[in-house]
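Asker: Each chain is listed here by its residues.
Protein chains: 2
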Amino acid sequence: MNFNMKEAIEVLERTPHTLECFLSGLADSWLQCNEGKGTWNVFEVIEHLIEAEKINWIPRLEIILQEGESKPFPPFDRHSHLNQRSESSIEQKLLEFKTIRLLNITKLKGLIEVESQLELAGTHPAFGLVKVRELLSTWVLHDLTHIAQIVRVMAERYREDVGPWKEYLGILKR
Amino acid sequence: MNFNMKEAIEVLERTPHTLECFLSGLADSWLQCNEGKGTWNVFEVIEHLIEAEKINWIPRLEIILQEGESKPFPPFDRHSHLNQRSESSIEQKLLEFKTIRLLNITKLKGLIEVESQLELAGTHPAFGLVKVRELLSTWVLHDLTHIAQIVRVMAERYREDVGPWKEYLGILKR
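Chains as they are written, first to last, in full-length UniProt numbering: chain A, 1 to 174; chain B, 1 to 174.
Calculated directly from the structure, the hints in this document are not laboratory data.
Computed from a predicted model, the values in this text were never measured in an experiment.
No distinction is drawn between identical chains; accordingly, a pair holds when it is met within one copy or between any pair of copies.
DSSO-like, lysine-lysine: derived pairs with alpha carbons at most 27 Å apart:
1) Lys166 x Lys131
2) Lys166 x Lys37
3) Lys107 x Lys54
4) Lys54 x Lys166
5) Lys71 x Lys166
6) Lys109 x Lys71
7) Lys131 x Lys71
8) Lys54 x Lys98
9) Lys6 x Lys109
10) Lys166 x Lys98
11) Lys37 x Lys173
12) Lys54 x Lys131
13) Lys173 x Lys131
Model the full structure from these sequences, guided by the hints.
Answerer: Below is the structure:
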């Protein structure tokens with residue numbers, strides 16, 4: 001196992017600013033393209049990241065610390081953000097993500113004081129017993145998954161434009 | 001076809017700063033992990049991006065503009081950076097990438113003055129005829145491919161740490 005709080009936080013604290021650097025000011029054509037019917041555009045991925053900050057990571061950590069294995073987490077509806085479309089700009093959404101992430105990292109540092117807490121377990125509605133360490137590792141990989149998704153969605157726009165180079169571009173392999 | 005110079009440059013000019021935000025100051029454990037024997041770590045991906053700036057995109061564009069279809073591009077050895085390992089820090093490498101990318105975007109803007117130049121063709125050593133538009137689209141998707149690779153390589157470190165969540169994390173599907 002490689003999980004380590006300090007290194008996990010290094011990634012968690014970089015994601016919002018990284019996405020801000022990459023996405024602020026981009027043309028709508030990049031932000032609103034998707035991979036076809038039923039798939040998310042960049043905007044929707046950011047909304048999903050915000051939603052997960054609100055109802056997933058820290059709330060689940062608090063349930064484990066307060067209730068242990070006795071109370072299953074409420075399920076996380078991974079599509080809930082699609083029902084509450086807002087008119088915010090991408091810059092406003094990225095600021096919202098940055099703000100709530102910063103708050104959650106502060107909460108995380110307050111909640112986990114000793115290494116042994118990483119082995120505490122809670123009950124996931126689908127998986128059963130899960131450990132704090134697994135929850136926090138997943139938080140990090142959830143960021144990485146959605147960064148990969150964002151660049152993959154954008155790459156899709158130029159699938160035909162690259163001509164024969166399609167063969168060399170791993171991101172178009174799907 | 002979706003390619004458009006202004007939008008392509010939006011991505012090209014954001015990549016170096018985005019990678020700087022994400023990678024500067026990260027623990028070596030993130031920068032030096034890879035996906036197994038023969039695969040690249042984050043450091044090597046950045047070296048490859050620098051190498052491509054030096055010998056691929058702008059040099060090939062110049063060959064097309066100067067020689068047309070008559071002179072094939074020299075092949076681009078995608079592993080050449082592995083033979084010249086340096087002792088630079090990741091921050092130095094990222095600065096080098098940012099500097100050469102900025103220079104190349106300036107060159108690009110000087111070289112492409114009218115839309116019709118996008119349809120000019122050169123000869124790729126493996127593919128035969130390729131257009132300027134295809135070369136420039138590929139430059140953009142090459143950035144996106146390697147951003148996706150960086151986060152995928154980092155995600156690999158926590159493959160086991162996430163426990164049962166592995167099932168939900170697209171980035172671990174390979």
